[in-house]
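Could you build all of it, start to finish, from the sequences and the hints given here?
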Amino acid sequence: MIELLKVPSLLTVQDSGRPGYRKLGVPLSGFMDDFSARIANYIVGNPGNAPLLEFLLAGPALRFNASSVFAVAGDADLRLNGVPIEPWTSHWAKRGDVLEVGSLRSGLYGYIAFAGGIKCERLLGSCSAYPKAGLGRPLKAGDELNLGYAILTGKDSRYLPLQLRPDYSSKEREIRVVLGPNLEHFTDGGIETFLGSVYTVTPESDRMGYRLDGPAVEHSRRGADIVTEPLVPGTVQVPANGKPIVMMRDAQTTGGYAKIATVISADLHLLAQSRPGTRVRFRAVDVEEAQEILRRRERTLNAIEKFLNGEMRAYRIRTFGEERIAFTKVEKEG
Amino acid sequence: MQPELKPAGDSALLISFGEVIDDYVNDRVHAIASAVEKASPDWLIEVVPAYSSLLVVYDPLKAGYGEVEEAIKGFLDAKIEAFESRLVEVPVVYGGEYGPDIEFVARRNGLTIDDVIEIHSRQVYRVYFLGFLPGFAYLGGMDERIATPRLERPRLRVPAGSVGIAGKQTGIYPLESPGGWRLIGRTPLRLFDPAREPPTLLQPGDRVRFIPIEESEFRELYEREWGVEGD
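Line order of the protein sequences matches chains F and U. Heads up: the first sequence begins at 1 in this note's numbering, then just goes up one per residue. Heads up: the second sequence begins at 1 in this note's numbering, then just goes up one per residue.
Relax, there's no trap hidden among the hints.
The calculated EDC-like cross-link candidates involving lysine to aspartate or glutamate, where the alpha carbons are at most 16 Å apart (straight line), are: (1) U:K62 x F:E292; (2) F:K132 x U:E176; (3) F:K132 x U:D193; (4) U:K6 x F:E288; (5) U:K168 x U:D143; (6) U:K6 x F:E184; (7) F:K243 x F:E204; (8) U:K62 x F:E288; (9) U:K6 x F:D286.
These are computed hints drawn from the structure, not numbers from a lab.
Written out as structure tokens, the structure is:
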């Protein structure tokens, strides 16, 4: 069991989300940064979708009331009983140990995974907190969390090499999108503005959506409002003021503003980790390319999982002048 | 009329009949939704119907867009089943602190408050779909004599159960949330309860009738539904 001692910011339990209920108006929810969250789970030997702690900007302080193995994903100072320890690495905690997680130096969301995952009441099939509808709640100091059963031996001291860690420090990033599905609501010039301009993430951004500031996207004569249609996380809606809003994991299930594009699944975590002030450029890819990028990312994540389990080795190689990580299988003897 | 199929990102396909609010089109949307759900191809994650469009969410690691589009074409002529439509009676306290905008709705339309209550509660409404918030039902068929534009400045806090009017639409807020609809009353019923199966009181295709009740009845029903004293 774990006891939360200090909770300086928004802290919730999240897993891969709550599919299957969107037709009832229930949002998908789940990890804002699925890439970091899955790796955090892999480091402690969990399946990628296991429930873990998601924090916004600053992490909590917590006490272990039983032995556990944990890992933190995010660029923050960590202390275990006052002694600095490394993120992206699994650590053994004994009964009574205190973990303090500091503020993120870059990115917005950090993750704390525990071997066995956090035990929670599954509401509509998921542990993901969506407090607005009474599905879980933000955690506070004094809350206690139970962990699932796990064999801890061999799960500590797993380390994700620097080159494999996501880097969210850049102040400007490119986000790929698939255009549509309401392109007839925009002028050609409006689409050009959207793809050719720099947009800034504003402070009016949360798990539901990120509002962007920048040149106004021009609507066609059909205007900004549509007959309410379904939408997905990643959808870019443009209301009458021309400023794009990107729907995130807690997005409403339907909306009445014209949709100019959808962020590709493989890039949504990059936007999720963009602090207010981060500059974003959108680049269009077609749906087949977006799906190929997602398949490639999935292969990388699978390789990272196997690498952390000791089933693969990672090598640094140079191809076409670019440094990459190559994975090879570890041949088992006998 | 055949709908248009378009990608909505890399893991959803939008089936669109154009921007219309029409019972026949909405029947077709729900017919396709239930046919796709029934066939449940292994790449299907879920379907999300709206007025005249339907989103098919799929797993792109199991099927590419082309394959999904091809498969969906086989469902576009799904037969409209005469499905069982429930009539759900929703008790409402009209006016007063429960419906602070009812006077405005009456005045703007040249009616008395009693007229508004009578017109609003006489109609049988159709649930086109659920969306926006958990359990929020998009109701159609409101009498235009009580149509009223939204507030210029949305309220920061609308209590759960509030019954509102926005243009020619009427609806019920399932949860406390900000909102710009003109509030004319409030139901003690719980529209969304994650502990129930199904978690929503209303389902697409249901018909709804509002039944005017007294404040004392509201208190009693509220306690039974929410398990606490009325707030």
